[in-house]
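Trainee: Residue 205 in numbering that gives the first Met the number 0 is what sits at position 206 of the sequence shown, and the numbering runs on without skipping anything.
If you are wondering where the hints come from, they were derived from the structure by calculation, not from laboratory data. It is possible that part of the hints are untrue.
Here are the simulated DMTMM-like pairs of lysine to aspartate or glutamate, each with C-alpha atoms no more than 25 Å apart in a straight line [what the hints assert, rightly or not]:
#, residue 1, residue 2
1, Lys-193, Glu-91
2, Lys-106, Glu-188
3, Lys-138, Glu-71
4, Lys-138, Asp-158
5, Lys-106, Asp-18
6, Lys-106, Asp-34
7, Lys-193, Glu-130
8, Lys-241, Glu-260
9, Lys-184, Glu-91
10, Lys-52, Glu-71
11, Lys-138, Asp-123
12, Lys-156, Asp-18
13, Lys-138, Asp-63
14, Lys-241, Asp-63
15, Lys-106, Glu-43
16, Lys-106, Glu-120
17, Lys-241, Glu-91
18, Lys-9, Glu-21
19, Lys-184, Glu-260
20, Lys-184, Glu-120
21, Lys-240, Glu-91
22, Lys-193, Glu-237
23, Lys-106, Glu-130
24, Lys-240, Glu-130
25, Lys-193, Glu-135
26, Lys-184, Glu-130
27, Lys-52, Asp-18
28, Lys-52, Glu-91
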Amino acid sequence: MSNNSKGEGKTPPTTSLCDQNETQIFVRGSDLVNDLMGVRSFTEMFYFLVAGKFPSPAQTTILDACLVTLMEHGINPSTIVSRLISGTNPQEPQVAIAAGLLAVGGKFGGTAEQSAQILAELADAVALQGESAITEASKRLIASGAPIPGFGHLHHKPDDPRSPRLFAVAAATGIALPHMALLQKLSAEIDAVKGRHITINATGAMGALLLDIGIPITAIRSVAVVSRSAGLAGHLVEESKKPAAITLWRAGRAAVPYVAE
Numbered sequence: 000m001s002n003n004s005k006g007e008g009k010t011p012p013t014t015s016l017c018d019q020n021e022t023q024i025f026v027r028g029s030d031l032v033n034d035l036m037g038v039r040s041f042t043e044m045f046y047f048l049v050a051g052k053f054p055s056p057a058q059t060t061i062l063d064a065c066l067v068t069l070m071e072h073g074i075n076p077s078t079i080v081s082r083l084i085s086g087t088n089p090q091e092p093q094v095a096i097a098a099g100l101l102a103v104g105g106k107f108g109g110t111a112e113q114s115a116q117i118l119a120e121l122a123d124a125v126a127l128q129g130e131s132a133i134t135e136a137s138k139r140l141i142a143s144g145a146p147i148p149g150f151g152h153l154h155h156k157p158d159d160p161r162s163p164r165l166f167a168v169a170a171a172t173g174i175a176l177p178h179m180a181l182l183q184k185l186s187a188e189i190d191a192v193k194g195r196h197i198t199i200n201a202t203g204a205m206g207a208l209l210l211d212i213g214i215p216i217t218a219i220r221s222v223a224v225v226s227r228s229a230g231l232a233g234h235l236v237e238e239s240k241k242p243a244a245i246t247l248w249r250a251g252r253a254a255v256p257y258v259a260e
């Protein structure tokens, strides 16, 4: 067996997130009790943990708006799952919330990460090729035949009302928003190629704005997860007062009848 397979000769793992002793707790070098508690908001701390530095007021405003945006969207796959689990296991809210979060992914709620990846790659292409890269990207995305991350919405027509509000909040901060501008140019090209308007949805807007405030792509889906966790907590409280799980269960059975093969 080689030294590498034994783990010898490798740099030992470390963490830069947290340490503690008998009287203190340190988070990224800051004293939790004296420097952070009652001083920094939850939004600022989230940014601090994933980006490694405290956000500016503008970055905080944009991240906070993104967290609020995805927190609640009614009866949907994640809230249905959470309510069903809560109905069968009401004493364990963490189980119901965890179950609901499993629905945040590449189709619902989690597409901000995919949108951000497209924009990051497109920004590099524009730097090399100029804005013709935007037209090429729009044609390629449409030709794939797959849903385009960040575009389209099942319910909101002609536009997702959350996206222009996010853009307005971000623009009002006065900071540079190159990925937001790039997304809007890509949207115009997609509309031109398709011959009809396709809305930029909330996760598409979030993908651009989270890039613009320095959130790592690897943490962008986590923004949706953190946001949706709060929304699911609200559904569990409502489920305890106005149970809907059994109704959802019955509706599912009625909607999917048995057919013998």
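Trainee: Now look at each hint and say whether the structure bears it out.
Mentor: Right, here's what the structure says about each hint:
1. Lys-193 <-> Glu-91: 47 Å, violated
2. Lys-106 <-> Glu-188: 23 Å, holds
3. Lys-138 <-> Glu-71: This hinted pair is violated, its Cα atoms lying about 33 Å apart.
4. Lys-138 <-> Asp-158: Holds, because 21 Å separates the two Cα atoms, which is no more than 25 Å.
5. Lys-106 <-> Asp-18: Cα-Cα ~37 Å, so violated.
6. Lys-106 <-> Asp-34: 39 Å, violated
7. Lys-193 <-> Glu-130: 18 Å, holds
8. Lys-241 <-> Glu-260: 38 Å, violated
9. Lys-184 <-> Glu-91: 46 Å, violated
10. Lys-52 <-> Glu-71: 28 Å, violated
11. Lys-138 <-> Asp-123: With a Cα-Cα distance of about 17 Å, the restraint between Lys-138 and Asp-123 holds, given a limit of 25 Å.
12. Lys-156 <-> Asp-18: 49 Å, violated
13. Lys-138 <-> Asp-63: 34 Å, violated
14. Lys-241 <-> Asp-63: Violated. Lys-241 to Asp-63 sits at ~30 Å, over the 25 Å cutoff.
15. Lys-106 <-> Glu-43: Status violated; Cα separation ~28 Å.
16. Lys-106 <-> Glu-120: Holds, because 20 Å separates the two Cα atoms, which is no more than 25 Å.
17. Lys-241 <-> Glu-91: Satisfied, since the Cα-Cα distance of roughly 17 Å is no more than 25 Å.
18. Lys-9 <-> Glu-21: Answer violated: Lys-9 to Glu-21 is near 31 Å, above 25 Å.
19. Lys-184 <-> Glu-260: 50 Å, violated
20. Lys-184 <-> Glu-120: Given that 25 Å is the threshold and the Cα spacing comes to 14 Å, the pair holds.
21. Lys-240 <-> Glu-91: 16 Å, holds
22. Lys-193 <-> Glu-237: Not satisfied, since the Cα-Cα distance of roughly 42 Å exceeds 25 Å.
23. Lys-106 <-> Glu-130: 29 Å, violated
24. Lys-240 <-> Glu-130: Violated: Lys-240 and Glu-130 sit about 54 Å apart, past 25 Å.
25. Lys-193 <-> Glu-135: Holds, at roughly 13 Å.
26. Lys-184 <-> Glu-130: 9 Å, holds
27. Lys-52 <-> Asp-18: Satisfied, since the Cα-Cα distance of roughly 17 Å is no more than 25 Å.
28. Lys-52 <-> Glu-91: 35 Å, violated
Going down the numbered hints, you'll see the structure goes against 1, 3, 5, 6, 8, 9, 10, 12, 13, 14, 15, 18, 19, 22, 23, 24 and 28, while the others check out.
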